[in-house]
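So the protein lines, in turn, are chains Y and R.
For the first sequence, my numbering assigns the number 1 to the initial residue and increments by one for each residue that follows.
For the second sequence, my numbering assigns the number 1 to the initial residue and increments by one for each residue that follows.
Simulated from the structure, these hints should not be mistaken for laboratory data.
It cannot be assumed that every hint is accurate.
List of simulated lysine-lysine pairs, PhoX-like, C-alpha gap at most 20 Å [to be verified]:
id, chain 1, residue 1, chain 2, residue 2
1, R, K157, R, K173
2, Y, K28, Y, K62
3, R, K145, Y, K62
4, Y, K62, R, K186
5, R, K35, R, K94
6, R, K94, R, K135
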Amino acid sequence: MTTSVLLDTSFLISLVDGSRLHHRVAVKYYQFLLGRQIPMYFSAIVAAEFGVKQSITDLPLKNF
Amino acid sequence: MEPLNALRFAVSDRINDAEVGLKHVPLSLLGEFQKDVTEFLRGTSRDIDPSEVLVSMEDGSLALVATGLMAATTLWADLARLETQDALSRIDPKRAAVIERWQASSRQNPHRVYRVADVDERLNWLISHETSFRKVEDPWVAVEKYVHGRIVDWGGKVRVNVHLEMDDGTVLKISATQDLLAREEKNRLYRPALLHIAAEENLLTGMIRHPRLLSFESHQPVYDEAEFDAMVRRGTVAWSGVSDVTAWLEDLRNGGA
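Could you build the full structure based on these sequences and the hints that come with them?
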């Protein structure tokens with residue numbers, strides 16, 4: 001079975017906002033998951049919550 | 001549902017104060033029921049030849065037992081779908097029409113009940129004035145998706161398309177433009193690919209139709225530092241008004257924000 005991860009809204013916000021306390025940690029996780037080619041998913045609810053402040057197309061969706 | 005060999009179709013009713021059965025059945029009902037059962041078995045795919053189906057009549061109600069149905073794959077698939085009464089739009093249209101006719105007859109005559117069962121009665125459903133088999137319009141919505149697979153064909157003079165073999169083995173035929181394919185400098189044939197497409201998706205079944213290629217994407221997820229930095233710059237501005245993410249999310253989920 002392939003390992004994959006489900007991302008939540010807080011993670012995405014920490015990833016895209018450089019001023020967040022956990023931004024660097026989120027970036028490290030993101031780079032780690034990309035490096036290991038572990039598929040990343042987020043739910044439609046997460047997309048809707050994120051989309052309140054920023055379009056989800058700002059995210060590198062081809063990597064998700 | 002595993003294919004079985006036999007199905008029992010029965011109709012019960014009271015006509016002139018007598019139960020319908022082998023000894024008492026109006027000619028019109030007998031004729032209609034036989035025709036409906038034939039049409040139901042055959043469907044549009046005609047994976048059953050009615051001349052090869054043997055039928056026996058049983059007493060109790062007017063019942064026909066059809067045998068020789070092992071190869072009728074669409075029939076058994078449709079019967080499995082009929083476990084939910086809103087499934088009529090997802091089964092063979094001829095079978096759906098038969099069920100709609102039976103449903104209408106039962107509503108006009110509350111004594112009339114149609115029953116379909118297999119010999120073990122693992123499958124056993126009925127149509128009466130109380131049932132509500134119906135069609136639900138398929139909810140198709142416009143979507144954009146990233147689909148991963150292997151390109152097994154591309155090109156075309158008039159109908160330009162890309163054939164993408166998906167991870168589950170199915171091949172998705174995606175319409176494209178000559179311009180889009182001509183711009184490609186890489187030979188992508190027989191290689192893994194990630195395609196950005198626009199399409200319509202069925203919210204019930206997840207089926208995709210009318211897929212249209214928007215772009216080829218890097219099939220290997222990569223960390224692009226410049227792209228990432230630009231995203232962070234945009235994100236930092238976008239989220240600058242939210243100091244406490246947890247509180248903001250709680251508020252949003254409670255109908256605030």
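Cross-check of the supplied hints:
no.	hint	verdict
1	R/K157 - R/K173	15 Å, holds
2	Y/K28 - Y/K62	18 Å, holds
3	R/K145 - Y/K62	9 Å, holds
4	Y/K62 - R/K186	18 Å, holds
5	R/K35 - R/K94	12 Å, holds
6	R/K94 - R/K135	13 Å, holds
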